[in-house]
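**Q** Listed below, chain by chain, are the residues.
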Amino acid sequence: MMDSEARQDLIRKYQWASKIRFLCFTLLFLFLMLMKVVGGYSYLNAALVSLIFVEAVLNQPYNFFLKRVNLYRFQFYQMFVDIVSISWVIYYMGGIEAPIVNIGYYVVILWAGVVSDISAVFFAVVVSVIMYTAVIILGHFGIFPHISHFSYVMPLPHLFSLLLGHVSFLFAFGYFSARSSQLAKQLERRKQEESLRHTHKFLAAGYLVGSIAHDIINHLVAMRAYVEILLEKASSGPAGDDQRMMVDGLKHIKDAERNSVDLLAKLMQFSQKPKEKFVEVDLHHVIDDALELTLPIRKMADIETVKEFVPQSPMIMGDKDQVQEVFVAMILNAIDAMPKKGKLIIRTLSLLDNELVKVEISDTGVGIKRDQIERISEPFFTTKESGKAIGLGLTIAYGIVARHKGKIEVQSTLGVGTTFTLLFPMALKAT
Amino acid sequence: MTPFKILVIEDLEDIRKLFELFLKKKGFETVGAADGAQGIEAAKNEKPDLALIDIRLPDINGFEVLRQIRDFDKTVKIFMLSGLYTEEQEQEVLRAGATGFINKSEGIGAIVDRVVKILVS
Numbered sequence: 070m071m072d073s074e075a076r077q078d079l080i081r082k083y084q085w086a087s088k089i090r091f092l093c094f095t096l097l098f099l100f101l102m103l104m105k106v107v108g109g110y111s112y113l114n115a116a117l118v119s120l121i122f123v124e125a126v127l128n129q130p131y132n133f134f135l136k137r138v139n140l141y142r143f144q145f146y147q148m149f150v151d152i153v154s155i156s157w158v159i160y161y162m163g164g165i166e167a168p169i170v171n172i173g174y175y176v177v178i179l180w181a182g183v184v185s186d187i188s189a190v191f192f193a194v195v196v197s198v199i200m201y202t203a204v205i206i207l208g209h210f211g212i213f214p215h216i217s218h219f220s221y222v223m224p225l226p227h228l229f230s231l232l233l234g235h236v237s238f239l240f241a242f243g244y245f246s247a248r249s250s251q252l253a254k255q256l257e258r259r260k261q262e263e264s265l266r267h268t269h270k271f272l273a274a275g276y277l278v279g280s281i282a283h284d285i286i287n288h289l290v291a292m293r294a295y296v297e298i299l300l301e302k303a304s305s306g307p308a309g310d311d312q313r314m315m316v317d318g319l320k321h322i323k324d325a326e327r328n329s330v331d332l333l334a335k336l337m338q339f340s341q342k343p344k345e346k347f348v349e350v351d352l353h354h355v356i357d358d359a360l361e362l363t364l365p366i367r368k369m370a371d372i373e374t375v376k377e378f379v380p381q382s383p384m385i386m387g388d389k390d391q392v393q394e395v396f397v398a399m400i401l402n403a404i405d406a407m408p409k410k411g412k413l414i415i416r417t418l419s420l421l422d423n424e425l426v427k428v429e430i431s432d433t434g435v436g437i438k439r440d441q442i443e444r445i446s447e448p449f450f451t452t453k454e455s456g457k458a459i460g461l462g463l464t465i466a467y468g469i470v471a472r473h474k475g476k477i478e479v480q481s482t483l484g485v486g487t488t489f490t491l492l493f494p495m496a497l498k499a500t
Numbered sequence: 024m025t026p027f028k029i030l031v032i033e034d035l036e037d038i039r040k041l042f043e044l045f046l047k048k049k050g051f052e053t054v055g056a057a058d059g060a061q062g063i064e065a066a067k068n069e070k071p072d073l074a075l076i077d078i079r080l081p082d083i084n085g086f087e088v089l090r091q092i093r094d095f096d097k098t099v100k101i102f103m104l105s106g107l108y109t110e111e112q113e114q115e116v117l118r119a120g121a122t123g124f125i126n127k128s129e130g131i132g133a134i135v136d137r138v139v140k141i142l143v144s
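Residue numbers (this note's numbering), protein chains in the order written: chain A, 70 to 500; chain B, 24 to 144.
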């Protein structure tokens, strides 16, 4: 199943394709009309006009179909129709005498590379080659009526060498299109991955600032209380220069403390996560959302994802965004553990007569060393290369799961993979 | 008249001790607890007149402690402590059944004065 966002994106691209197609054929039509007027060409006959009409009209129900069909299969049909139309135009323009119309094939091949994958490019190249060869050969040998605007029959060796040249160029261009489309897609995915990681780091930094500020405020509060005690003692002590200096100094400390607390409170407010909202959350939805967010990265890392969900949706009491953050962190970790391909398995199970829900996130990655497993939730602990992570992803995940009264367990075998097991209490059914 | 008994549930030892010190100076009897479980136990056994509960506790969330204490004691006045004041947090605290919300950064002295006023009135 294609996720809806990718599908929408593809639909937009195909709508563009239909606009470009319409423009191309209109321009061609106008160009031919000009040729007819200027050069008096006689071949602008009913067949050609009807062809242009067909292509223009094809665009009309096109948008309607786009939203309702299997896009992947539909694009092959669409490419086939395009290539047949182009071949038809080439035939009517004199076959081998009209090399410029070949550009149409290149447009289709390039488009297949931009919008779709290697098999689409391959399909476009092969169909173009077959159609082009058929049109030229069949026209030349008179199986189709021979159309020539120069009353010229090309010698066979000349025809074949030209044909071979065109065909090999089509294949070469197909290769170029497939390669560059792969590169473009990789770049796009890397960009998305970076933006997701950036958000992740930003959240981590916010969390860090918030929790440090909170701790410092606590220490400052204790400090102020001690200062108050000392101040009381100093004020009631024997008067003198020393006593005045002491009182003065303590008051300054108190003011400095007050200012620091105000500053920290502002910092905390700034770095504070949106308020936790505990509501009934469908864990399957949250996992699906996390999977969708990480889709580009999973694709780029060539990771196969397997979902094994219990039939009944497990409902927990929780903050949707925070729980999602946990799963995103877990999935990102799993992806990082699998530098070359791999399998990500997410399984949900209900335990203890629907009191607990268990989520297992397994990867077939490099695994975690035994001594590292114990430290996995420590802040700033990371096994990833520097710059990629700051070692707070799992710290935050552990914190969030604890606030949801859940638990995280880790099992790992070096070279085989790692399984994170999350346990959450299920939401009590409304009584 | 027996002195009022105040329970302080706060994990930071410094702050807990200071609260107790300030309260004792005002003539109250105090009980300290370093985490949620100890706090709930103390609330059961000591029957305090007022409890100060830190929202952030190492074992159980302060809100959970509040709820559990409310389950067996409807009359004890409970104030929740936090390092940061937000209006939503105050609303949440009141909805959860607390008597009030106290921002720790007001300072221990000021908080104790407030608590004294509330108890005496």
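It should be emphasised that the hints constitute simulated quantities derived from the structure, not laboratory data. All C-beta atoms in this analysis are idealised placements derived from N, C-alpha and C, irrespective of residue type, glycine included. Please note that the accuracy of each hint is not assured.
On the chain A side, residues computed to face chain B include the following (Cβ under 8 Å) [to be verified]:
#1 226
#2 230
#3 281
#4 290
#5 294
#6 299
#7 328
#8 337
#9 468
#10 472
#11 476
#12 478
**Q** Quick one: which hint numbers does this structure break? Sort them smallest to largest.
**A** 1, 2, 3, 6, 7, 9, 11, 12
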